[in-house]
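**Student:** Since chain U is already given, all that's left is putting chain S on it; use the hints.
The listed protein sequences derive, respectively, from chains U and S. Residue numbers for the first sequence follow my numbering, beginning at 9 and rising by one. Residue numbers for the second sequence follow my numbering, beginning at 359 and rising by one.
Keep in mind that a hint or two might mislead.
[Claimed, not checked] Here are some, though not all, of the chain S residues that point toward chain U, as calculated from beta-carbon distances under 10 Å:
{"hint": "1", "residue": "Val371"}
{"hint": "2", "residue": "Ile374"}
{"hint": "3", "residue": "Asp377"}
{"hint": "4", "residue": "Gln439"}
{"hint": "5", "residue": "Ser466"}
{"hint": "6", "residue": "Ala473"}
{"hint": "7", "residue": "Leu493"}
{"hint": "8", "residue": "Arg498"}
{"hint": "9", "residue": "Leu526"}
{"hint": "10", "residue": "Gly528"}
{"hint": "11", "residue": "His531"}
{"hint": "12", "residue": "Val534"}
{"hint": "13", "residue": "Arg568"}
[To be verified] Pairwise CB distance ranges (calculated):
{"hint": "14", "chain 1": "U", "residue 1": "Glu477", "chain 2": "S", "residue 2": "Ala376", "range": "27 to 35 Å"}
{"hint": "15", "chain 1": "U", "residue 1": "Pro596", "chain 2": "S", "residue 2": "Pro412", "range": "47 to 55 Å"}
{"hint": "16", "chain 1": "S", "residue 1": "Ser495", "chain 2": "U", "residue 2": "Pro596", "range": "53 to 61 Å"}
{"hint": "17", "chain 1": "U", "residue 1": "Leu344", "chain 2": "S", "residue 2": "Arg502", "range": "29 to 37 Å"}
{"hint": "18", "chain 1": "U", "residue 1": "Val551", "chain 2": "S", "residue 2": "Pro412", "range": "27 to 35 Å"}
{"hint": "19", "chain 1": "U", "residue 1": "Gly453", "chain 2": "S", "residue 2": "Arg502", "range": "46 to 54 Å"}
{"hint": "20", "chain 1": "U", "residue 1": "Gly573", "chain 2": "S", "residue 2": "Glu538", "range": "53 to 61 Å"}
{"hint": "21", "chain 1": "U", "residue 1": "Arg550", "chain 2": "S", "residue 2": "His531", "range": "27 to 35 Å"}
{"hint": "22", "chain 1": "U", "residue 1": "Glu474", "chain 2": "S", "residue 2": "Arg509", "range": "27 to 35 Å"}
{"hint": "23", "chain 1": "U", "residue 1": "Ala473", "chain 2": "S", "residue 2": "Arg397", "range": "33 to 41 Å"}
{"hint": "24", "chain 1": "S", "residue 1": "Arg373", "chain 2": "U", "residue 2": "Gly453", "range": "51 to 59 Å"}
{"hint": "25", "chain 1": "U", "residue 1": "Gly453", "chain 2": "S", "residue 2": "Ala376", "range": "30 to 38 Å"}
No lab work stands behind these hints: they were computed from the structure. Ideal Cβ placement from N, Cα and C applies to all residues, glycine included.
What follows is the residue order along each chain.
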Amino acid sequence: MSEPGPGLRAGAVAVGVAVAGLVGAGAALGLHVGNVHNGLIAVSFTAAGLVVLRSRPGNREGRLLTATGAAHAVMYAGRQYALHPAAPSGAAPPPGADWAGWIGVWPLPLVMVLAGYTLMCFPTGRLPSPGWRPVAVLMTALGAAMALVSALWPVEYARTGLPVGPPLQLPGAAGVTAVFDVVRPVGYLLLQGIWVACVIARLARSPREEARPLRGLVITAGAGALVMVAGVAIWGSPRAGLLAVPLTAVAATVGVLRLRRATPYEALSRLAGGPASPANLLDGVCAAVADGVGGRGVVLWVATGPAPAGTGGTGPAGTNGTALTAVSGWPAGRALAAGPRTPDEIAVGRWSVTPVVHDGQVLGVIALEVAPGEELSPAERRLLGELSAQAGLVLRLQTSAHRLVTAQDEARRRIERDLHDGVQQRLVTVAADLGRLARAATAAGQEPLRQQADAVRGDLLAATAELRELARGLHPAVLTQDGLEAALGQVADRSAVPVRLTVAVPGRLPAAVEATAYFLVSEALANAVKHAGAQLVRVDARVAPGGLAVSVADDGAGGAQVLPGGGLEGLADRLAALGARLELSSGPDGTRIGTVIPCG
Amino acid sequence: MVADDAVLFREGVARILADVGFEVTGQAGDGAVLLAQVRRDPPDVAVLDLRMPPSFSAEGIETAAAIRAEHPRVGLMLLSQHVEAHHALRLMTEFDGGVGYLLKDRVSELEGFAAQIRDVARGRTVIDAELVSRLVSRRRERDRLGDLTDRERSVLALMAQGCSNLALAGRLHVSVKTIETHVRSIFTKLDLVVDEGEHRRVLAVLRYLRA
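Bound-form chain S, shown alone:
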């Protein structure tokens, strides 16, 4: 299901989703209509714009929260013209996985977008790479990121985007064991508590990067 008040873009997204093998079961122009459609026929994933009528603020997050409350198994993929850390943190805090937050630009990378939709449907967490790279490259007073090796920094960035250890191993062409070593080292150097859940891991890393 797709919800966006911009008709052209919404239809573009629907076409793409159809192209890459999804079935688009409904389209909506705002959160209320989407919610009604979800109630009638809960989809695997709802793709929705963050800034929608009537308030044009964080309407998308409110709608997502309402869907999650009624249908906890519906994955939620929020799209926006710009990605902001405070929205990401809110999504991480209020939702326990099965949620994504991407720039609308990402839709045009069809295969990648499709994979991220599937991740969300599986209960994983997806955070836009631009936001993460902005936070990782952010200047800090006492920058403990400086203690990380280059490899650890790229692992950290992918971790913040929601990659699991398995996905990390695939992306970096190393074994899962090596990834686990990197992750442990990162958490020790940043003084973070290792948490088993992927989503909590994303939240911890985002919180660290934002602090």
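Just chain U, with the same shape it has in the complex:
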């Protein structure tokens, strides 16, 4: 990856110098109101194109803008030369003025095609869809035909006010001009209408990040069009409108640069200002990478262990021998690869990887897919480095949160086990001894003593039952011993609302995943009973490509929300620690709580 290639850079410099020379020399020949707009368009579009070329070398829009600017520069210079009076008055025009003026006139329809095509391709440098290609071809054919006529017969001279005549004198000029006068307004209207239609069509279907620059362009172009209409209506001349065209170039530049590219500061501040949960943060890092350095796709991979032997290969520094699992991506909702990959398997095609390092430890990689020809500038690479450091911090925090959850589960399991093996065993033993005492009392004919012993035994067993429930709430033994299906069955058995339970979980999953799914279902069921007044709850747990998918949907009154200190917040925290997020939708049709917990 590099900055614009040396060839591209030299070409850009040459075009820049040529345009500056043409416009500069032309301007030195005097001010001609009828030609000023060409000079301004030349300068503004060329400058816009060069700026885009420099910062987004892979975006064809830069080349198109530059070409539009350069074409106008040629026309401007040609007309300036022809308009330049060699002597105060009556003198012969400068040598070659007829040809120079000709150069400044006939390409107009073609230049309009180029400018229109440039706008049609805005802001990506490509047509919105292949369906527009025939339209572009038609537009080019129309422009070429008009330009050809204009090159052969002086059909446009009357409007340009050139003091020199055409260099070619073909017969039939009067007839052709009469026909062209009819064709011209229709042709020009078509050439303008096509790109306007194209931009509006693109705006209607564009994703959000594209819509903003497009809106800017439409507003600017629309304002220019209004000025032009007003100018034609009031002064009978499109000149005012033509003078507004350079603004379109400015809007186009801003649009292309803002497209998928925020400044490093913007990208970082957007990241910091986003919703703060670890899972969201990773999405935020991916979005910030996409935002800040462009690229068609971004995926964050987390190191999950050493790679299988023999697949290490030549990954980027420090990532050799690491198995990686995709955890987050941009655009949001993109399908993430299931199962671990090595860095070499990720860095294929147009994908490149940047290691995510924290405290010298490789925690994962950020994979970036760039468009063909797209390359990163040094500033973008710096930004990528900073963002990968952010990702490193997030991953480190996530790892410790994961450890905390695991440690908490382990502690609960230990307490449950201690209760089971210790105090619960003692209590049932004491109850058994009380039973013996009662029997002995009966044998000794001491009925009151037997009744007393039985009453104490009853109390003791009630306490034992309470303790049993307490231990179950801490960490159900059935979950540890028999897995999620049995544990969820137990929850469903005890539910005060009918539960339709579907479990498709073959085998065992990591303890933290099972426990979290169990707690999610318990919490959601309790809420459905307590708050929603549900009649039926559907519980679904299945192993999906992204991990364990759990959902609990009730038909209750809705109104569930994540409140500070509430059960759902604790659940969201626990899920976030496992790299999952809490999906909550709650309305009059009921509440659905779901998640997909990665099992990698």
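**Tutor:** Just chain S now, with coordinates in the frame of chain U:
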């Protein structure tokens, strides 16, 4: 024979069994030792903890299955700190009678416990009342239990615990004929196939309650 890794409780059980007239022929701390003792001297009934070393999961059921495979006539009474439907169903499915599944709490009701041990020794099936009442009171989507009369519901609960028609008649102070009528009515209302074997009847009812 009694097997439980909790020594205090195991000895308590042994004392109780001795009190109510059983001969305790051996005590074991885990399934392997119990199995060895059963091989040496097969008892009428083996009383064993469901959660035992080394795995502390369903060790008791595995040991029970091993005993049943080698000595089909040894009754098996599993005790646990908590009774779970899936364990009960597994015991019902893998064993054809002569098996019991009770909370450890039940040991303290000496006479009742003794009777249940004897039931298991006779090849009957015993399921803990708490588990059954939990399943009977469980909320269902289309609850056909609602079609049952109160009397039929109590018959159903006792049936699920392993009571025979004779035992039911005794418990509810009615004739065996009346009980048979109740049972038939229950099976018709729940759309269950009437099965003659007591054990199969328990299994069918448990499966129904769990579904």
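**Student:** Compare the structure with each hint and give your call.
**Tutor:** Verification of the hints:
1. Val371: holds (7 Å)
2. Ile374: Check passed: Cβ of Ile374(S) comes within 6 Å of chain U, closer than 10 Å.
3. Asp377: holds (6 Å)
4. Gln439: Where the cut-off is 10 Å and the nearest Cβ of chain U is about 5 Å from Gln439(S), the hint holds.
5. Ser466: For Ser466(S), the interface hint holds, since the closest Cβ of chain U sits about 4 Å away, which is under 10 Å.
6. Ala473: violated (14 Å)
7. Leu493: holds (7 Å)
8. Arg498: holds (5 Å)
9. Leu526: violated (24 Å)
10. Gly528: violated (21 Å)
11. His531: With a minimum Cβ separation of about 23 Å from chain U (threshold 10 Å), the hint on His531(S) is violated.
12. Val534: Hint on Val534(S): violated, closest Cβ of chain U at ~30 Å, above 10 Å.
13. Arg568: Nearest chain U Cβ about 8 Å off; hint holds.
14. Glu477(U) - Ala376(S): 27 to 35 Å: Given about 33 Å between the Cβ atoms, the range holds.
15. Pro596(U) - Pro412(S): 47 to 55 Å: For Pro412(S) against Pro596(U), whose Cβ atoms are near 53 Å apart, the range 47 to 55 Å holds.
16. Ser495(S) - Pro596(U): 53 to 61 Å: violated (30 Å)
17. Leu344(U) - Arg502(S): 29 to 37 Å: Given range 29 to 37 Å: violated, Cβ gap about 45 Å.
18. Val551(U) - Pro412(S): 27 to 35 Å: holds (29 Å)
19. Gly453(U) - Arg502(S): 46 to 54 Å: Since the Cβ atoms of Gly453(U) and Arg502(S) sit about 50 Å apart, the hinted range of 46 to 54 Å holds.
20. Gly573(U) - Glu538(S): 53 to 61 Å: Hint holds: Cβ distance 58 Å, inside 53 to 61 Å.
21. Arg550(U) - His531(S): 27 to 35 Å: Given a distance of about 50 Å, which is not inside 27 to 35 Å, the answer is violated.
22. Glu474(U) - Arg509(S): 27 to 35 Å: About 32 Å separates the Cβ atoms of Glu474(U) and Arg509(S), which means 27 to 35 Å holds.
23. Ala473(U) - Arg397(S): 33 to 41 Å: Hint holds: Cβ distance 37 Å, inside 33 to 41 Å.
24. Arg373(S) - Gly453(U): 51 to 59 Å: Violated, since Arg373(S) and Gly453(U) (Cβ atoms, about 22 Å apart) do not stay within the stated range.
25. Gly453(U) - Ala376(S): 30 to 38 Å: Violated, since Gly453(U) and Ala376(S) (Cβ atoms, about 22 Å apart) do not stay within the stated range.
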